[in-house]
Amino acid sequence: MSAVLLPILPPLIVTLAVLILRRGSAALALAGATLSLAGGVRLLAGALDGQAETLLLPGLPDMPLRLAAGPMTALLSVAVATVGTLVLVYAIGYMKRESGQARFYAVMSLFLAAMQALVLAGDWVLLLAAWELIGLCSYLLIGFWFQRPEAANAASRAFLYTRSADLGLYVAIFILIGSSGTSEIAASLEAGGSASTAAGLLLLLAAMGKSAQVPLQDWLMRAMAGPTPVSALLHSATLVAAGAILLIRSATLLSADTLLVVGLVGGVTTVAAGIIALAERDLKRMLAASTASQYGLMLIAVGAGVPLAALLHLLAHAAIKSSLFLAAGDFQHAREGTRFDRLAGIGRTRPWTFAGFALAALALAGIPPLSGFFSKDAVIAAALSAQGAAWLGPMALAGTLLTGAYLSRSLRLLWRGTGETEVVDGSAWMRTGIWCLVILAVGLGLAFGPVEAMIDLPAPEAAGVGVVLSGLLAAVGGLALGWLMSARRLLGPIHHWAESGLPVAGGLTTLIGRPVMAVARGCERLEGRLYDAVLGVGRAGQVVANYVRVGDEHGIDGLIFALVSGVRDLGARARTLQSGLIHHSLAISAVATAVLLAILFSASLSV
Amino acid sequence: MTMILILALVTGAILFGIGVYGALSQTNLVMIMMGVELMLAGAMVNLVAFWRFLHPEAYSGQMFVLVVMTVMALEMAVGFGVAIARFRAKGSVEMEEAEDLKG
Chain A
96 MSAVLLPILP PLIVTLAVLI LRRGSAALAL AGATLSLAGG VRLLAGALDG QAETLLLPGL
156 PDMPLRLAAG PMTALLSVAV ATVGTLVLVY AIGYMKRESG QARFYAVMSL FLAAMQALVL
216 AGDWVLLLAA WELIGLCSYL LIGFWFQRPE AANAASRAFL YTRSADLGLY VAIFILIGSS
276 GTSEIAASLE AGGSASTAAG LLLLLAAMGK SAQVPLQDWL MRAMAGPTPV SALLHSATLV
336 AAGAILLIRS ATLLSADTLL VVGLVGGVTT VAAGIIALAE RDLKRMLAAS TASQYGLMLI
396 AVGAGVPLAA LLHLLAHAAI KSSLFLAAGD FQHAREGTRF DRLAGIGRTR PWTFAGFALA
456 ALALAGIPPL SGFFSKDAVI AAALSAQGAA WLGPMALAGT LLTGAYLSRS LRLLWRGTGE
516 TEVVDGSAWM RTGIWCLVIL AVGLGLAFGP VEAMIDLPAP EAAGVGVVLS GLLAAVGGLA
576 LGWLMSARRL LGPIHHWAES GLPVAGGLTT LIGRPVMAVA RGCERLEGRL YDAVLGVGRA
636 GQVVANYVRV GDEHGIDGLI FALVSGVRDL GARARTLQSG LIHHSLAISA VATAVLLAIL
696 FSASLSV
Chain B
25 MTMILILALV TGAILFGIGV YGALSQTNLV MIMMGVELML AGAMVNLVAF WRFLHPEAYS
85 GQMFVLVVMT VMALEMAVGF GVAIARFRAK GSVEMEEAED LKG
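Order-wise, the sequence lines are chains A and B. Letter by letter, the first sequence follows residues 96 to 702 in this note's numbering. Letter by letter, the second sequence follows residues 25 to 127 in this note's numbering.
What the hints contain is simulated information worked out from the structure, not anything from laboratory work. Incorrect hints may have been included.
The calculated label-pair distances, taken between Cβ atoms and stated as ranges, are [stated by the list, open to error]:
(1) L691(A) with L31(B): 25 to 35 angstroms
(2) M100(B) with A687(A): 17 to 27 angstroms
(3) L31(B) with H678(A): 47 to 57 angstroms
(4) D647(A) with A67(B): 52 to 62 angstroms
Among the chain B residues that face chain A by a calculated CB cut under 10 angstroms, a handful are [as the list claims (entries may be wrong)]:
(5) A47
(6) L48
(7) L53
(8) G59
(9) L62
(10) Q86
(11) A113
(12) S116
(13) M119
(14) E120
(15) E123
(16) D124
(17) L125
Some chain A residues flagged as far from chain B (calculated, every beta-carbon gap over 10 angstroms) [claimed, not checked]:
(18) R118
(19) E227
(20) P588
For every residue, glycine included, the Cβ atom is placed at its ideal position computed from N, Cα and C.
Okay, chain A solo, but in the shape it has when bound:
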């Protein structure tokens, strides 16, 4: 067995084991995630030694399934497993009072396995399969409390949004395999030409769906209806990250024009989602909007031609956003809700969690020496030195400013005010998970140097003093603005619009929803007509059959029965002649003879 299976198989086996055993599911899931982490670390160590593990499995004809653990994929695998393990540690505390534990842990493990498969996939077919699996798992997890209509709704919405964007991935893969003749990712990316532009744009569409980029960002905020560990896992290292990972891995394919489109989509998203986050009245929904905004920054980095910066920000964001979400989940348990007005003043009653939250928030805002500072610097430097710097640079800076503003606003709202706090079960587990991730979020910046050296991607230019200063200024300025001014004053006239999530979603409803519904209704009508037509044919056949039956019964049968009864009547009549009385017989023969004679006589007369 190749080592490359090590991160994938344990969670997969755990999924089956949990579904079969239905007890001890939390411990099993944790064990599976830990083993997966160990496997990832083993792969990373191997990759550092220059031994990239690969494995070919029999798949489609001429397209074997390929697992490849290069330095980048191994690193991503470690990141996924780390976040997954810590989120599961946290989930043991968080899910303590929930029912349906087996289902939760089974799907979480499957999610982890699918994400590992996606990260380590070396060919498009396997990647597509894993891509679909994480979509399915996210549907199951967001809809974990499927009894609640809003959760069921959010699950369907997330599934449909990402699923329809996935069509882009399908077409892109068909184009790539068709133009390069191989399903191996690395080989197929070198195709070039107009096919690669089309494929790049379609890949961008798929990534936009999964990474919740404008205009497909709406599902991410609604997905908050799921349990908080799910949100943490979804937003940091798995589902949403898949889009960015896809773009980072296929960055070599993208032509200059495609790169600009990628960067612009990211730029628009980072600003728009930042504005939504600033106006949001719910902590988890704010974090969700922030996720979309941060992935926008990563797309800017990819669009600027420096996917390594995007990768660094992805790693930093994974640690930071999962710790933010986990802290939010702790608050949620303490106050039975995540709306800011319910959470007022929780920072004073739960200082440890709040301290972790604040540290992670500062890291995300980009305050040195926390990890977010380095990654965001790389992104800003990339944006400022890119081809479309006139667009991308200001957008990246605005995104950074907004990040600081909404994070310090949330800190202010959590710190000020008062409210009743409940004692929470299992908070030791939760605190362990939170603090491990916070430590990662704080210290990950130290690892960026080795990571840059290790990964075979063009390194970003060393950021000049001006770039560092401008990024820092934007971050600190944002933090100060958010702390000092209310969102209403900051946003001015667009506050109301932003509060309802910049109703691009409404636009989507009119733009896409109505035509689709019209088509669906048309199809329904067509189907109804087809059904009627088929039914009509059936009915006509029945009528014809009925006539045939009647004709059979009354025509042919009647004829035969009439013949039979005629013969029988004739027989009965003939029987009456045979009375058994000799006189009768004699009389009959005498009369018959007389008649015969008469006939003969008249015949002889006429001759």
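Starting from the known structure of chain A, arrange chain B on it as the hints suggest.
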């Protein structure tokens, strides 16, 4: 000559008519058979008369009459056999009571 032929034919016709009447009017099996005998006898008188007056040189007419007489004898034998069997079984040869003969 012709008068004698007519006489013979009339005799035959009378005999036949009596026979028909007897066969139809009597209820006793024996009497019915006697009627049948009379009818045959009438027919034979006719036969003989025509033979005598039309072709006296041919013998086939006589032969035919002899065959008919043999048939009469056989018929008598069978008829009386049936009558005796009937009488032994039922104690009567009344044909009005013999509806069971229809089988």
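Hint check:
At about 27 angstroms, the CB distance of L691(A) to L31(B) agrees with the hint of 25 to 35 angstroms. The hinted window of 17 to 27 angstroms between M100(B) and A687(A) holds, with their beta carbons roughly 24 angstroms apart. Between L31(B) and H678(A) the Cβ separation comes to about 32 angstroms, which falls outside the hinted range of 47 to 57 angstroms. The given range of 52 to 62 angstroms is respected by D647(A) and A67(B), whose C-beta atoms sit roughly 60 angstroms from each other.
Against a cut-off of 10 angstroms between C-beta atoms, the interface hint on A47(B) holds, since the closest Cβ of chain A lies about 6 angstroms away. Given the 10 angstroms rule on beta carbons, the hint for L48(B) holds: about 6 angstroms separates it from the nearest Cβ of chain A. A cut of 10 angstroms between beta carbons decides the hint on L53(B): the least distance to chain A is about 8 angstroms, and the hint holds. This hint holds: G59(B) has a C-beta 9 angstroms from the nearest C-beta of chain A, less than the 10 angstroms allowed.
Contact between L62(B) and chain A, as hinted, is not supported at the beta carbon level, the nearest pair being about 14 angstroms apart and thus beyond 10 angstroms. The beta carbon of Q86(B) comes no nearer than 26 angstroms to any beta carbon in chain A, farther than 10 angstroms, and the hint placing it at the interface is violated. At about 15 angstroms, the closest approach between the beta carbon of A113(B) and any beta carbon in chain A exceeds 10 angstroms, and the interface hint on this residue is violated. Proximity of S116(B) to chain A is violated relative to the hint, the smallest CB-CB distance being about 14 angstroms (cut-off 10 angstroms).
Taking 10 angstroms as the C-beta contact cut-off toward chain A, the hint placing M119(B) at the interface holds, the least distance being around 5 angstroms. Interface restraint check for E120(B): the shortest CB-CB distance to chain A comes to about 7 angstroms, inside 10 angstroms, so the restraint holds. The beta carbon of E123(B) is positioned within 10 angstroms of a beta carbon in chain A (closest approach about 4 angstroms), and the interface hint is therefore held. Using the Cβ-Cβ criterion of 10 angstroms, the hint placing D124(B) at the interface with chain A is satisfied: the shortest such distance is roughly 6 angstroms.
Proximity of L125(B) to chain A holds as hinted, the smallest CB-CB distance being about 5 angstroms (cut-off 10 angstroms). Annotated as non-interface, R118(A) keeps its C-beta farther than 10 angstroms from every C-beta of chain B; the closest such distance is 93 angstroms. Interface exclusion of E227(A) from chain B stands, the closest Cβ pair being 92 angstroms apart, more than 10 angstroms. Even its closest Cβ contact with chain B, about 121 angstroms, leaves P588(A) beyond 10 angstroms, as expected for a residue assigned away from the interface.
When held up to the earlier numbered hints, the structure conflicts with 3, 9, 10, 11, 12 and fits the remainder.
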